[in-house]
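The numbering used here numbers the first residue of the sequence shown as 1 and each following residue consecutively.
To be clear, the hints were calculated from the coordinates, so they are not data collected in a lab.
Remember, it's a predicted structure, so these values are computed and weren't measured experimentally.
There could be a bad hint or two in this list.
Stated by the list, open to error - Using 20 Å as the maximum straight-line C-alpha spacing, the simulated SDA-like pairs for lysine to any residue come out as follows:
hint : residue 1 : residue 2
1    : Lys6      : Thr82
2    : Lys112    : Ser42
3    : Lys6      : Ile106
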Amino acid sequence: MSGYQKIILVGNLGGDPEMRYTPSGQAVTNFRMAVNNNFTGSDSQQQETTCWFRVTVWGKQAETCNRYLSKGRQVLVEGRLTFDHETGGPKLWEDQNGKTRGSFEINAFDVKFLGGSGSSNGNNRSASVANDVEELQEDEIPF
Numbered sequence: 001m002s003g004y005q006k007i008i009l010v011g012n013l014g015g016d017p018e019m020r021y022t023p024s025g026q027a028v029t030n031f032r033m034a035v036n037n038n039f040t041g042s043d044s045q046q047q048e049t050t051c052w053f054r055v056t057v058w059g060k061q062a063e064t065c066n067r068y069l070s071k072g073r074q075v076l077v078e079g080r081l082t083f084d085h086e087t088g089g090p091k092l093w094e095d096q097n098g099k100t101r102g103s104f105e106i107n108a109f110d111v112k113f114l115g116g117s118g119s120s121n122g123n124n125r126s127a128s129v130a131n132d133v134e135e136l137q138e139d140e141i142p143f
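Throw the hints in and build the complete structure from the sequences for me.
In structure tokens:
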């Protein structure tokens, strides 16, 4: 029996998406996404942590994301967590100082545009103008 995994994230783009094409001509778009977690600490003070994810989107959806998303835009991403096959954890890499870092990577199968358009850089047209993009309101998020 094979397993199944699905991760659902709601957060904001940390930068504009970057699109490229594979040698076979398939579109691939990557973007960084910040997911904030607000909580009350043991000292009764409000605290916030941020977890960063690298998201990869393929095909027509990659082109749509590249066209309509921009830094700051809120999105809901459904996908599969990509892991390091040696460790079973986040992808590991070395920074410029030789320090080992981890990266949570998501292979998205669905990206929904939420909230406002993000920062203004010419890429901030409303998602509703794209026929293949569904815009959700906050009370429609499935959790």
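> Are there hints from earlier that the structure breaks, and if so, what are their numbers?
Replying inline: 2
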